[in-house]
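Peer 1: One line per chain: the protein sequences are A and B, in this order.
Sequential numbering of the first sequence, starting at 1, is according to our numbering.
Sequential numbering of the second sequence, starting at 1001, is according to our numbering.
Treat the hints loosely; a few may be bogus.
Claimed, not checked - Simulated pairs of lysine to aspartate or glutamate, EDC-like, Cα-Cα distance not exceeding 20 Å: (1) Lys-1032/B - Asp-1158/B; (2) Lys-65/A - Glu-1185/B; (3) Lys-1175/B - Glu-1081/B; (4) Lys-65/A - Asp-1064/B; (5) Lys-99/A - Glu-1081/B; (6) Lys-65/A - Asp-1169/B; (7) Lys-1175/B - Glu-59/A; (8) Lys-1157/B - Asp-118/A; (9) Lys-1120/B - Glu-36/A; (10) Lys-1069/B - Asp-1169/B; (11) Lys-113/A - Glu-1186/B; (12) Lys-65/A - Asp-1133/B; (13) Lys-63/A - Asp-1158/B; (14) Lys-94/A - Asp-1158/B.
Note that these hints are calculated values from the structure, not bench results.
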Amino acid sequence: MHDTVKVITGITIFLILILFPLWYNGLTGKAAYVPELKVPVTEKQCVESTPYMKTRHMELLDKWKEVAVRQGVRTYVAKDGKIHTIGLTGTCIKCHSDKEGFCDKCHNYAGVKPYCWDCHNYPRVTAK
Amino acid sequence: MDRRKFLKITGLSLAGLTIQPAFRLFSKPEQKRWAMVINLDACSKKDGCRDCIDACHRVHNVPDLANPKDEVKWIWNAPFERVFGGQGYTTLNEVLKNRSVLVLCNHCENPPCVKVCPTKATWKREDGIVMMDYHRCIGCRYCMAACPYGARSFNWKDPRPSINEINMDFPTRMKGVVEKCNFCEERLAKNLLPACVEACEEKGLIFGDLNATDSDVRKILKSKFSILRKPHLGTEPKIYYIL
């Protein structure tokens, strides 16, 4: 191979640059954490089980939006038989009242910006 | 085909015409048809009264924008000429003509806004309420163009800074959606009267079910002459005005 040294140097620099996310986080540990959520103290059980909510709360909220707004049905029967009133502010935020400590922690970590909050109220949203 | 066969087929076809009316007659007897009667006499008793407007806008987080170009309103007072002009009421007595009339979304039986909405963000519910889904509204404002009564408002900017006091029990809207009166459907779901009806101290707003023969609205409409806004358009509005 001609110019072996130049080629090997070039490939090494390329690998260092392209693998930057991996070795940087490995060294500094900045992104290597699981977001710490402030769990509500008033209730121990959410509408559905924690693993379900972790993976599918967006699906649940989507279904609620469809059922409440377009069909006018405001009650939801959970898997364990409990009846809940459908509402983001009325039901979810009633327990998870600390949006920054709970919802925003994971959303910020994942880089997700749900625009629900543009309309749905949460505590500490001030008019002026 | 002979004459007997022809007559048999005709007879059966005519009998078939009764199927749909019979179906409607015997199905869904409890289907509601919400309507409102506005008593213009009671409405003008207090000068500059805004009880119903303030109640509605407070309950539903309607922003208070000073500039009439940006303003958002669900229920408001308009001059008589604007409301009933061009309908031949010109010979009415002068007092009536100089009054302002309370107007809101008419929740038409045949709503043009529903017809034109490209996303069906507005649709007519079974109980007659023309409903808004702010999730689906893309802000094209076609409904605003279609509404002959100017009942709809657009959020030209973020309404939240201009809301006097946010009611946590009802969401706000965001910039870029069209909004209008919803006949307090969230209150009706809890068997409450609409906020404007409850707030009126003169009992000038009467709300009820047109399908229920003993409801307040039916009783009033049977006993008093009522007028509608722009009836020649065929929208069949459900806000009746009695004088």
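Peer 1: The structure should be examined with respect to each hint, and the outcome stated for every one.
Peer 2: Outcome of the hint check:
Between Lys-1032/B and Asp-1158/B the CA atoms are separated by roughly 35 Å; this puts the pair beyond 20 Å, and the hint is violated. The straight-line distance between the Cα atoms of Lys-65/A and Glu-1185/B is roughly 15 Å, inside the 20 Å bound, and the hint therefore holds. As the CA atoms of Lys-1175/B and Glu-1081/B are separated by approximately 32 Å, the hinted pair breaks the 20 Å bound. A C-alpha spacing of about 27 Å is found between Lys-65/A and Asp-1064/B, which places the hinted pair above 20 Å, so the restraint is violated.
The suggested pairing of Lys-99/A with Glu-1081/B is violated, with an alpha-carbon distance near 50 Å, which exceeds 20 Å. A distance of roughly 16 Å separates the Cα atoms of Lys-65/A and Asp-1169/B; the hinted pair therefore holds under the 20 Å criterion. Under the criterion of a C-alpha separation no larger than 20 Å, the hint pairing Lys-1175/B with Glu-59/A is inconsistent with the structure, at around 25 Å. Simply put, Lys-1157/B and Asp-118/A have alpha-carbon atoms about 12 Å apart, close enough for the 20 Å limit, and the pair holds.
At roughly 41 Å between alpha-carbon atoms, Lys-1120/B and Glu-36/A are farther apart than 20 Å, so this suggested pair is violated. For a cut-off of 20 Å, the pair hint linking Lys-1069/B to Asp-1169/B is broken: about 28 Å separates their Cα positions. A C-alpha spacing of about 28 Å is found between Lys-113/A and Glu-1186/B, which places the hinted pair above 20 Å, so the restraint is violated. In summary, the hint linking Lys-65/A to Asp-1133/B is supported, as the alpha carbons are separated by about 9 Å, within the 20 Å threshold.
In summary, the hint linking Lys-63/A to Asp-1158/B is not supported, as the alpha carbons are separated by about 27 Å, beyond the 20 Å threshold. Taking the CA atoms of Lys-94/A and Asp-1158/B, the gap is near 25 Å; set against the 20 Å cutoff, the hint is violated.
The structure is inconsistent with the numbered hints 1, 3, 4, 5, 7, 9, 10, 11, 13 and 14, although it conforms to all the rest.
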